[in-house]
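Chain order of the listed sequences is A and B. The first sequence runs 4 to 253 under the numbering used here. The second sequence runs 4 to 253 under the numbering used here.
Simulated from the structure, these hints should not be mistaken for laboratory data. One thing to keep in mind: the hints can contain errors.
When chains are identical, the list treats them as one kind, so a pair holds in a single copy or across two.
DSS-like cross-link-like pairs, simulated, lysine-lysine; straight-line CA separation at most 30 Å [to be verified]:
{"id": "1", "residue 1": "218", "residue 2": "98"}
{"id": "2", "residue 1": "148", "residue 2": "218"}
{"id": "3", "residue 1": "148", "residue 2": "19"}
{"id": "4", "residue 1": "23", "residue 2": "175"}
{"id": "5", "residue 1": "148", "residue 2": "23"}
There are 2 protein chains.
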Amino acid sequence: MSEMVPQSHPRYASLKTREKIVEGVEGGITGFNGLIAQGRGEALDYFIGERTTSAGYDAERAAIAMLLLAEQPVLSVNGNVAALVPEEMVGLAEKIDAPLEVNIFYRTEERVQKIADLLRRFGGKRVFGEDPDTLIPGLDHARAKATREGIYNADVVLVPLEDGDRCEALVKMGKKVITVDLNPLSRTARFATITIVDNVVRALPNLVELADEMKELSREELEAIVEGYDNFDVLRRSVQEMIGYLEEQF
Amino acid sequence: MSEMVPQSHPRYASLKTREKIVEGVEGGITGFNGLIAQGRGEALDYFIGERTTSAGYDAERAAIAMLLLAEQPVLSVNGNVAALVPEEMVGLAEKIDAPLEVNIFYRTEERVQKIADLLRRFGGKRVFGEDPDTLIPGLDHARAKATREGIYNADVVLVPLEDGDRCEALVKMGKKVITVDLNPLSRTARFATITIVDNVVRALPNLVELADEMKELSREELEAIVEGYDNFDVLRRSVQEMIGYLEEQF
């Protein structure tokens, strides 16, 4: 199963997603720049047909294999992720036995608090981010804040919708970085170890489902999935999806 | 001159544009959905290289020819246009002797008032929108509001960043509709008489400059430009630009 069925109501899904982001802004969880990021995602999602492509699904499988193999996996949550898929992030954290860390681009203590509270309301048990105790090297102070028990000492980090500089800084620390990014040409997409070119509202439910399916696999089977994975090829196929979509139009 | 020089600092320009939209929201001129629209535009602009393409420039020339030939041209201004190019809209209105009409998607009287005031501060003389006296057929009430002296009786309307339904409704009224839309596949792009696939922050300065250059042309010369214009071809070339950009990446 490496080809997902197209969603039956893509326009409805897109509008519902937009509503959630606007609610996130109104609730103080998402920043204005999160709305702009959402718009960029909408345009790009359109170009991959608003569905999980086979390249996206392959990346999702490799991501779960890598998270299940990790010694200290951590899931990072920013304002858009919190607005769109808080429940799924908590669910995934539980299934792979990982903590969550709130990690936002335009940091305010109030927003960090609100996001952490939201994750706890959805059942998040280990939620970091409110009391950072260290800095990620190579970033300016406000954006470098991290927690030793969380992202700082993790070996594998899932950071959906991450900024290019921060993705690069995590990779330079020697971590394996899994991201979700609809732009296969972005700096984040190119720096990450695994780039899931998919809408976060489809990717996270897929990841939760895959975690259930794949937890029975042996260590050797998981390792084979990770070793067989080629991120460059996945990015190339994602760009090819977009070209194919555009070529069909005229 | 049908090929524009690439901007020398595209990333700077993009970030500055984003800032203006955020200021628009903070000042009550732009709605939250305007931020999302800005994000969609950013992603699409990236795919045409963040510069005016030759297709875009051809559409801009045809637009000015059509506006100069018009009997009752009107320029429509929404929240994003007001945040990004208020001065240029007022300048263009003066050069082609056209009124401006505030015409926003999520109408509130307060926002209409603020946009009208802004346009007057920039020197706008005939600004409509605060006292609509009629309805555009085929739209629901809040979105149908229009002014007889403005859009309702216009023969040519420039409506940058317009919604698909409203673009269609104006075309059905028999108007010639010129739009600025970075998505060559959008319903607006396909319905409009002339679709300028360009960023509004580049298109408007170009239009102002072209109005100066072209106002010396004879009626016959202007008519020849309009008759030689092929919107389908311009959309096709714009999509081809995007495909070319994507193909270069891998």
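Verification of the hints:
1. 218 / 98: For residue 218 and residue 98, only the intra-copy Cα distance (9 Å) is at most 30 Å; the inter-copy one is 68 Å.
2. 148 / 218: neither (32 Å within a copy, 58 Å between copies)
3. 148 / 19: between (32 Å within a copy, 27 Å between copies)
4. 23 / 175: The answer is neither: 34 Å in one copy and 34 Å across copies each exceed 30 Å.
5. 148 / 23: both (27 Å within a copy, 28 Å between copies)
Violation of the numbered hints given earlier is confined to hints 2, 4; the remaining hints are satisfied by the structure.
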